[in-house]
Amino acid sequence: MIQAARQDCPEGESLSDSVLMEQLARRAPEALEILYDRHSRAVYSLALRIAQQATSAEEIVQDVFLQLWRKAHHYQASRGPLEPWLLTLARNRSLDHMRLKREKQRRREDTLEEQPLACTAPNPEHIADREHRAARVRVLMRSLPERQRRAIELAYFDGMTHSEIARELKEPLGTVKSWIRTGLLRLREALEER
Amino acid sequence: MNDCEQLKEYYEAYALGALEGGERAALDAHLERRCPVCTAELERARWLVAQLAYLAPEAEPPAALRRKVLAGAGTTKPSERRGWIPVWAWVGAAALVLFALISIFEMRRYQADLASLQDEIRAARSRTLELESERQLYERVLAVRTASGTREIDLKPSGKSALPEVRAFWHAEMGLVLTGHKVPSPTPNHTFQLWVVPKKGLPLSAGIFHPDAAGTVLLVATPSATLADAAALAVSEEPAGGLPQPTKDRILWVGPVS
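Chains as they are written, first to last, in the numbering used here: chain A, 38 to 231; chain B, 1096 to 1353.
Since the hints were derived computationally from the structure, they do not count as laboratory data. There's no promise every hint is true.
In the DSSO-like style, the derived pairs of lysine-lysine whose C-alpha atoms are separated by at most 30 Å in a straight line are [claimed, not checked]: (1) B:K1343 to B:K1295; (2) B:K1103 to B:K1163; (3) B:K1103 to A:K207; (4) B:K1163 to A:K108; (5) B:K1251 to B:K1277; (6) B:K1255 to B:K1295; (7) B:K1255 to B:K1294; (8) A:K108 to A:K138; (9) B:K1277 to B:K1255; (10) B:K1255 to B:K1163; (11) A:K138 to B:K1163; (12) A:K207 to B:K1343.
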């Protein structure tokens, strides 16, 4: 299906996310198709990693892209690239889904208007493309000591706070804070390196 | 501005959602005052945190999901309502449906094979990119080690410890490489930290490192001190995350930059 869509609209592949978002705001369905083909894999992978269930991950992906369709006019390209924004939205939705499942608490409605999560890439022209970035993230994280890596994963994929991670890993709170900060700063250095 | 200096260590944890209590309240209150410095830095931190999504194992969303999303957005046309249909048409349609079901069954088998092959290709591609990243690292190490003008600095264990020697290669423009073999791991919750001791002034951190499981050390650093101003290199053992200045009685290796 993805292949077919690409054949139908080969010129769409070269359009930037911000141009597609402008078209989406004007209710152009082709723009949603291209954006879905471009980003659904990353969003689905993240949702599946957090929710651990294919049916939940599918609900989250639907939710994220329908949100994108309905609220496209609120997106401002000047406030940062689309993909980190989409991934942040997918992460929040996935963590909400898990919390709801665990605690049956009311779902937080983080719409575009309520939570405009601007994500500024440090040096866009120097940042490697998505696949290179993904490879660098994985290599860097593998180079961290196992427990430091685990602390960062618990925060990102399980939505844990510093003190929850300290309890989970049975480590001092200060150590956990330091692990997370230094780990992320090393990640930033690795991603900003030419 | 003082607030910003104090709060900057919270940006990443805040973007990650790990910050809590008074620290979170302090940054929230500061952001409510629309501080341009912290707002911009927090946006950068959000971008950084979003990159962690790539740690999730790659998975292909099912093809039916694409249809659901597009249908949910109302971008697919609903089928038009038909009028009266004769019986022969229903029989023909049933035969077509049966044929289509058999075809779909066969097609799904091929699709499953194809999906499996695509997954293998993706995994191989991902591994290739990781190897490429590692290759670039080793190329940089090789470039520093073989460049003319690279200074070789042996760091000997301080005191009477039975640690192996480590060696640094420092090129004024290409940076510094620290290597070592059979280096034991630091004590739990600690890390090794490399220092440049300048001819004048306080030591400057050049990075933290851990030996791998085999005890191999390979650190590539770009020290903020220049080679010409450096008097010595030293390695100390510090609490995880490192410290701004070395702990004097925990200096494990020292080597003069002659």
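So, going through the hints one by one against the coordinates:
no. : hint               : in the structure
1   : B:K1343 to B:K1295 : 17 Å, holds
2   : B:K1103 to B:K1163 : 43 Å, violated
3   : B:K1103 to A:K207  : 27 Å, holds
4   : B:K1163 to A:K108  : 18 Å, holds
5   : B:K1251 to B:K1277 : 14 Å, holds
6   : B:K1255 to B:K1295 : 28 Å, holds
7   : B:K1255 to B:K1294 : 26 Å, holds
8   : A:K108 to A:K138   : 26 Å, holds
9   : B:K1277 to B:K1255 : 17 Å, holds
10  : B:K1255 to B:K1163 : 70 Å, violated
11  : A:K138 to B:K1163  : 23 Å, holds
12  : A:K207 to B:K1343  : 29 Å, holds
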